[in-house]
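So the chains spell out like this:
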Amino acid sequence: MTIYLTIAVIVLIFVVIFQISKASEYVSTLKGDETSRKQNNKINGALMVVFLVLGLFGVWYCNHILFDKTLLAHDSGSVEGARVDSMLWVTLAVTGFVFIGTQIVLFWFSYKFQEKENRKVFYFPHSNSLEVLWTVVPAIVLTVLVVIGLRNWFLFTGAPPQNAMQVEITGKQFGWIFRYPGKDGAFGKKYYKNIDPASNSIGLIWDDQLTHDDVVTEQTMYLVKGRPVKLIIGSRDVIHDVGLSQFRLKMDAVPGIPTTLWFTPKYTTAEMKEITGNPNFVYEISCDQMCGNGHYSMKGIIEVVSQEEYDLWMAKQKPYYLAAFPDKDPTNAPTVDSTKLKPVVAKAEIKM
Amino acid sequence: MSNEAVLHTHSGAHDGHGDHSHEHHHETFITKYVFSQDHKMIAKQFLITGMVWAVLGGLMSVLFRLQLGYPDQSFPWLEDILGKWAKGGHITPEAYYALVTTHGTVLVFFVLTAGLSGTFANFLIPLQIGARDMASPFMNMLSYWFFFIAGLVMLCSVFVETGPFSGGWTAYPPLSALGDASPGSKTGMDLWLISMALFVVSSLLGGLNYIATVLNMRTKGMSMTRLPLTIWALFFTAVLGVLSFPVLFSGFILLIFDRNFGTSFYLSDIFVNGVGALPNEGGSAILYQHLFWFLGHPEVYIILLPAMGMVSEIMSVNSRKPIFGYMAMIGSLFAIAILAFLVWAHHMFVTGLNPFLGSVFVLLTLLIAVPSAIKVFNWLTTLWRGNIRFTPGMLFAIGFVSLFISGGLTGIWLGNSALNIHLHDTYFVIAHFHIVMGVASMFGMFAGIYHWFPKMYGRFMNNTLAYIHFWVTIAGAYMIFWPMHYEGLAGMPRRYYDYSIWESFKQFQGLNQFISLVAMIVFAAQFLFLFNFFYSVFKGRKVTTQNPWESNTLEWTTPIHPGHGNWVGEIPEVHRWAYDYGKDGVDFIPQTTPVGADESHH
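So the protein sequences, as listed, match chains A and B.
The opening residue of the first sequence carries number 43 in our numbering; numbering runs sequentially from there.
The opening residue of the second sequence carries number 80 in our numbering; numbering runs sequentially from there.
Derived from the structure by calculation, the hints contain no laboratory data.
Cβ atoms here follow ideal geometry from the backbone N, Cα and C, with glycine treated the same way.
Among the hints, erroneous ones may be present.
Some chain A residues flagged as far from chain B (calculated, every beta-carbon gap over 12 Å) [said to hold, decoys possible]:
1. 121
2. 205
3. 206
4. 250
5. 251
6. 349
7. 356
8. 357
9. 373
Computed list of lysine-lysine pairs in DSS-like fashion (alpha-carbon distance at most 27 Å, straight line) [stated by the list, open to error]:
10. 64(A) - 621(B)
11. 123(B) - 64(A)
12. 158(A) - 662(B)
13. 111(A) - 585(B)
14. 341(A) - 166(B)
15. 272(A) - 232(A)
16. 162(A) - 662(B)
17. 360(A) - 231(A)
Bound conformation, chain A alone (with noise of 0.2 Å):
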């Protein structure tokens, strides 16, 4: 019932101001084109500067309320992201500038040399020195920018500082997988016929030895505070992102390509929580890159947190290799059999 009535007062507002139009132009026809011209230039003229001062207002009102929601209203959660942060206010300053000078004076132009009868325009087509002025000018400003810029995307993407850990996170249709390269500080090769989502989801090669201490979990990822980390970043199925908001960066996540970024993370989660003043807060990943109906839900979590609490959360985790195979795992089983390895590669390769 609702949506007829809304249709309805909708159509008859439609027809009202159809028949407002109407009426105006049978009245322009009859006092002349040239009157009904000036009257209407004066209002849109008028309107011109209505315009520019309630959209200014709104320009304003808008970062009143909505400034506290974005990223600026607390620091980054890397180091890095605070470089970001600089560069994006150098950028506000110089766009906001010319933003407001610009629109200023596009309307007020407008209004200011609307249509009267006494005018005499200016014969005006070219003129080479303010031609060079607005050449030069923007491309001095956008030289210094393109500096600034490159400086720190270069360092973005150059190398990992010596002290960095290493983690590997992979994107599946619709999660994270993480993989810390365990005691021996080195990831075992992987090979993605090898993959079976129960009991090797990221492909791992177990004749490798190097993976048999790799550690691989889901959902969490902990780093520690103040020590960069390279992020080794690949795909499972589809073109994926590592969407780090907090820390401002992302990196996609491509199959068959590996790709790498690396940041320090200068919170840890408690801290960040006391900084926003959010007790929910947490450190996420999100898929920054178009993978599917699920592409809304896929989510990764990050905790950051002190060396300590690291290194004791790090010796809870058991290595994927035991997890894979269980009668392997000191704890569990007395006996090794190294011939149950065998099988299970066979049956990956079974899949090609």
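On the provided structure of chain A, position chain B as indicated by the hints.
Here is chain B on its own, set in the frame of chain A:
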């Protein structure tokens, strides 16, 4: 080849009327309105088809905005119209993504490419350069009908059982290549590809024609540097399309091979849930993105340049003042056209692109801001000390400049890779390209329609309705897209069906609701325009003078209702550029007026 000769080589339909072909065509309904070879009729066909698609595409955005604005509310009527795609009155994720994808494809290609440059290149090129028709009217007709069929195929894809394609308008593989990864990538994607292939054909047929016509068929005295800026813009648009659409097509061909013939151009190392490991190895998913964006970026300018050209023309006419810096305007169009081919990878900064390569693209991308800045300052200077008439066309032209500034400036943010790495694929991007490419070009299109409607139909549109349309649309467009920058600055990703599970993004629920509400109002306001348009075609106030806007260009020297062939008798000769407004105290001097002995030089 002269225009006369061209017309006469097309015997058949034109026999017997030739030069005096105005208003006494003995054409059937079919040859006049359906398979017409008259550029003016083809332009109207493009325009009206574009309008139909704009309504459908806009309606899609209203539907998915309902989901974003009111995720918890159920709308039983949605189930009535969408069936299983809105079970229980909630749009399903499949339907949401299909709507988002189809909205993007339709608006970018069908409305803002075919509807904009298809309409105005066809309508304005022969009329403003002084030609009787396009170089090849038959190819021109084919161009429209390929576009029409492309549209039909796209429409069919909406009705297949597995749904239309739902992987985003950019159609990145592997998602678009694997039906097992997304139901929309099954039959829906096949139809999407067929539709797009047909569209590329249409676009090439049209583009080649536009280029040939502008280069070869200008009337006597119409040197390239006397062309109105509309023609320059439409010319560069056609060049961009002709050079870049084939690359997109090649990308699609490889995708078709990967989908149907077991090749591995884009596929490698893939394990699909429920299916297992795929045999493909060695392909590169990034290759597709290079091929796609090699069109995709010029495409932005294919959409924007015609609007820029029309705005330049309309602004000069209604300021009663020459466009400021005509040569700089052409130069900046040229620079934009060249740079358009050299910046495509700025869409790919976060794909793992080589950082050095990325830095080159940063430089070239920000370089585009220079010609863009020149254009903006030249428009502002055109207004300065003019005598402005706020016709509806002029209002939309001013609105275009405002939007182009707002959306262009955020391009400086996104083109800088170190900021892009933060803002990529967030609502900041949505805000940026909707303002600068979507709404701004739409404003250019509205400006063009209001301005040239009297030439198209010999009647005026209703001014009051047009003024309401303008003010509601510009205010609404800013209210929709301006706050989205803030969502982007919170890192809110685009293409999400629901944000309620995200601690970082759920604070914008109220804002999303506001945006959806405004979007619906603005969508409704467009019906004022549509109604005005169709009503005025039949019942609008009649044009009584040949040159209602007191404009210099050639189209206003044709009869009020030009027939096929445009001019009765000789095509007029051109003696000057198109922008002698207010020269030596004379309000306007049409291009056909010979230069007087005592006239000043500029």
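Okay, the hints, checked on the actual structure:
no.: 1; hint: 121; result: holds (14 Å)
no.: 2; hint: 205; result: holds (22 Å)
no.: 3; hint: 206; result: holds (17 Å)
no.: 4; hint: 250; result: holds (17 Å)
no.: 5; hint: 251; result: holds (23 Å)
no.: 6; hint: 349; result: holds (25 Å)
no.: 7; hint: 356; result: holds (25 Å)
no.: 8; hint: 357; result: holds (28 Å)
no.: 9; hint: 373; result: holds (31 Å)
no.: 10; hint: 64(A) - 621(B); result: holds (14 Å)
no.: 11; hint: 123(B) - 64(A); result: holds (25 Å)
no.: 12; hint: 158(A) - 662(B); result: holds (17 Å)
no.: 13; hint: 111(A) - 585(B); result: holds (10 Å)
no.: 14; hint: 341(A) - 166(B); result: holds (25 Å)
no.: 15; hint: 272(A) - 232(A); result: holds (19 Å)
no.: 16; hint: 162(A) - 662(B); result: holds (10 Å)
no.: 17; hint: 360(A) - 231(A); result: holds (18 Å)
Violated hints are absent here; each numbered hint is respected by the structure.
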